[in-house]
Amino acid sequence: MHVMVPVVLIVVQLIMLLALAPFIVGVIRKIKARLQCRRGAGLFQPYADLAKLFRKQPVRSSTTSWIFTAAPYIVFASTVAAGLLMPVFLSHTPLNFAGNIIALVYLLALGTFFLILAGLDAGSAFGGMGSSREAVIATLAEPAMMLSILAIALTAGSTNLSTIVHQSALLEDVVLAPPAHLMALAAMFIVTLAETGRVPVDNPATHLELTMIHEAMLLEYSGRYLALMEWAAGIKLLVFLTLIVNVFAPWGIATSVAPVALATGVVAYVLKVAGLAVVIGVIESMFAKLRLFRVPELLGAAFILALLALVFFYTLRG
Amino acid sequence: MNDGSAAVERIRGAFALAITDIGAVYGVPMLRVRKQDVPAVARYIHTDPHVRGSLSLLWAVDHRPREARYELCYLFTLAERKDWLLLSVDLTGGEREFLSITPMVHAAKWYEREIRDLFGLIPVGHPDLRRLVRHEHWPKGSHPLKKDFVWDQVLERVQGEYVFRKIHGDGVFEIPVGPIHAGIIEPGHFRFSVAGEPILQLEVRHFWKHRGVEKLFEQQRLTEAVPLAERVSGDTSVGHSLAYCQAVETLLGVTVPPRARYLRSIFLELERLHNHIGDVGAICNDTAYALAHAHCGRMKEQLMQLNDRLTGSRFLRGVNRVGGVSRDLSGAQLSQVEEELQAIEQEFAGIEHILFANASLTERLENTGVLSEGIAWDHAVMGVVGRASGIDRDLRRDRPFAAYRECPPRVAVYRYGDVRARMRVRLDEVHDSIRLIQTLRRQVPMGPLSTQAVEASMPGQWAIAAVEGWRGEILYVVMAGEEGRIHRCKVRDPSFVHWPAIQWAALGNIVPDFPLINKSFNLSYAGNDL
Chain A
1 MHVMVPVVLI
11 VVQLIMLLAL
21 APFIVGVIRK
31 IKARLQCRRG
41 AGLFQPYADL
51 AKLFRKQPVR
61 SSTTSWIFTA
71 APYIVFASTV
81 AAGLLMPVFL
91 SHTPLNFAGN
101 IIALVYLLAL
111 GTFFLILAGL
121 DAGSAFGGMG
131 SSREAVIATL
141 AEPAMMLSIL
151 AIALTAGSTN
161 LSTIVHQSAL
171 LEDVVLAPPA
181 HLMALAAMFI
191 VTLAETGRVP
201 VDNPATHLEL
211 TMIHEAMLLE
221 YSGRYLALME
231 WAAGIKLLVF
241 LTLIVNVFAP
251 WGIATSVAPV
261 ALATGVVAYV
271 LKVAGLAVVI
281 GVIESMFAKL
291 RLFRVPELLG
301 AAFILALLAL
311 VFFYTLRG
Chain B
1001 MNDGSAAVER
1011 IRGAFALAIT
1021 DIGAVYGVPM
1031 LRVRKQDVPA
1041 VARYIHTDPH
1051 VRGSLSLLWA
1061 VDHRPREARY
1071 ELCYLFTLAE
1081 RKDWLLLSVD
1091 LTGGEREFLS
1101 ITPMVHAAKW
1111 YEREIRDLFG
1121 LIPVGHPDLR
1131 RLVRHEHWPK
1141 GSHPLKKDFV
1151 WDQVLERVQG
1161 EYVFRKIHGD
1171 GVFEIPVGPI
1181 HAGIIEPGHF
1191 RFSVAGEPIL
1201 QLEVRHFWKH
1211 RGVEKLFEQQ
1221 RLTEAVPLAE
1231 RVSGDTSVGH
1241 SLAYCQAVET
1251 LLGVTVPPRA
1261 RYLRSIFLEL
1271 ERLHNHIGDV
1281 GAICNDTAYA
1291 LAHAHCGRMK
1301 EQLMQLNDRL
1311 TGSRFLRGVN
1321 RVGGVSRDLS
1331 GAQLSQVEEE
1341 LQAIEQEFAG
1351 IEHILFANAS
1361 LTERLENTGV
1371 LSEGIAWDHA
1381 VMGVVGRASG
1391 IDRDLRRDRP
1401 FAAYRECPPR
1411 VAVYRYGDVR
1421 ARMRVRLDEV
1431 HDSIRLIQTL
1441 RRQVPMGPLS
1451 TQAVEASMPG
1461 QWAIAAVEGW
1471 RGEILYVVMA
1481 GEEGRIHRCK
1491 VRDPSFVHWP
1501 AIQWAALGNI
1511 VPDFPLINKS
1521 FNLSYAGNDL
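First to last, the protein sequences are chains A and B. Numbering-wise, the first sequence is residues 1 to 318 according to my numbering. Numbering-wise, the second sequence is residues 1001 to 1530 according to my numbering.
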């Protein structure tokens, strides 16, 4: 293999993550709008929003510290880095040596941590409220997420994401232990909704500061800082969706760097994440947001599901 | 109608000395009470099991230049037959102090502070004498409803600070919200004291959009102030203009022709309809259930477009005039109303079905923002909020106006006092409004649209009128001045009563549920601030 191929693949993966994230956000909004009998904004509206924000002058509160300006870059960079650690359209992502699933989880946690700090930094009432809620949810979501991934890692015998995805992609009958897989999938899906601030945990479309979680931490941001934060949120959503589709349904993913395989991989990937975005859009239209104090119960259920997945893995393996 | 004669006898029996005179204002008995006895009499009316009066309104009048006295009037709604009873007390000889009844009658709290701010009269014994209407930047001695205050002067801006009630303790934080909000809503400030998420205390600080409405009324003629009344609270044009017109009509002795009475009821119900449907959607939206919001928003828009086609105004402005109505509805228009409402009712029933079937929504609405019947009664709460807390009051049934004597409403009362109950009252009233409009539509008699009101000079005469608007009881007291002018016009939107009550409904709830509670009250800021 030419020495440049991995570099090219990494660049392509990077561009895909950056370029696809706003589209996924657009798909969810479109689905919600259609289900409400509205025409809705175009699928590419999030790109226009980002472009607008990047052109606008950012306003900084005089009470903020360096954390406020650094946070958008850290959040953005850590989220993108997490995205590069995992297979996207190719089962062997070139950067897989750099870190396993645990590194990915903690790269995302790093972003969340700085987001929480940024929410507190301006000293506004809403930012602090958002930060405290985010901290609770992130703390509760993390064990469920780790456990569900662990269940899959055990199946594959590795915590390296590329190995996990590559192995299950090569398998004839896609999943080894269906009950364990399904439960881990359910747990992972709930974690995704919680971590990315979707209904029924958070409402990304609200203007009511008192109810916000993720948006509350961003209230002080404007201009390019806000653009970076919004983009990073989109990428984080995409990372979670990618994890789900590639770990639980790696059908179509390229297992070699042959051009045909790569092309199939890209098309299959885009279709799968877009499909999952549609599912999220439908769920957001069907449910009211949970009362904040019910969110731990939901995440507790996710944790139990992930735990059951592990139990099933051991018992069914015999 | 002869109000509360039995109650008057009881009170006279109990307070023979305190009552100096018994009169009547257009059928409403009025007791003139010695100044020092007002708290005792008010307490008796409020607590006596046979009287059980709920304070509906408390207002002051500056009688200058005709007489050098201030007058305070207390309007009670009695438990039995929802009769009215008035107390009146004079402040003469430059007296500036009156005895507060707030320690006995909680509902007087904001009224007395308002009187202090606007008239400079001091309620002695009031537990909270911070400014209410006059924010701290108003200069000392500026009391706009005093007759020597020039209405169009520009006040200098002074420094001052409002002190919020403080809750002390470990981990107790204050969350200031507003008066500028992220959504397109009116200005209001909410100060939460919280320990984590649970709300320990909520203090509502309003009156940011004081426009001097009552002072503006005093610059107008009795027959010409309808447009001002329509703009007191933009979403309640019909309710406010109707209440104003009824007060003036009583004063001028005008009989409204039957056709106008029916059309007034139809317009009032149309206003109730589009507001209630909008509110149901807005409540759902605050739980992030955007689906219902979208559909209710669409139906509300259809209704407002219907309003526009019928009257030329989406908000039904300009339909009422003193003596009748100024817009007629033809037979064709009335059948159009019937058709559209039939379609809306079917669609709305569909949405209602979805709402009741959605457990995640119900879970959010139940037990959220409970306003108990006791607290509701203490605050003299009525309207949608009251009926959701077991307060069985509806002026359309209790003091029929327009065409409600002929077509009485079915009053929906629920006991739980939570967001769900307030939503259910609205759902029921949507159906009942449609039923009422369909019934009224078929019975509208032919005839003239209005009676010519002849202005008479009757300085010092006054009348009260009450209309059950979509929020609740809208009260107007209009006193005639010289040569057909208005001497005093007291405006009371139900929001003025319900804002203090929402502070109680929020207690013990968690912060992220407050917007939902607030939406289930859906109070007017403009109608409150005046």
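Honestly, the hints are just simulated from the structure, not real lab data. Accuracy of the hints is not assured; some may be wrong.
Which bits of chain B does chain A cover? Going by a derived footprint, with three or more residues having C-beta under 8 Å, they are [what the hints assert, rightly or not]:
(1) 1121–1134
(2) 1279–1293
(3) 1355–1363
(4) 1509–1515
Dumping the calculated SDA-like pairs for lysine to any residue here, alpha-carbon to alpha-carbon at most 20 Å [what the hints assert, rightly or not]:
(5) Lys1147/B / Ile1199/B
(6) Lys1140/B / Lys1215/B
(7) Lys30/A / Arg1298/B
(8) Lys30/A / Lys1215/B
(9) Lys1166/B / Lys30/A
(10) Lys30/A / Gly1297/B
Glycine included, every Cβ here is placed at the ideal spot set by N, Cα and C.
> Where does the structure disagree with the numbered hints, that is, which hint numbers, in rising order?
Replying inline: 1, 5, 8, 9
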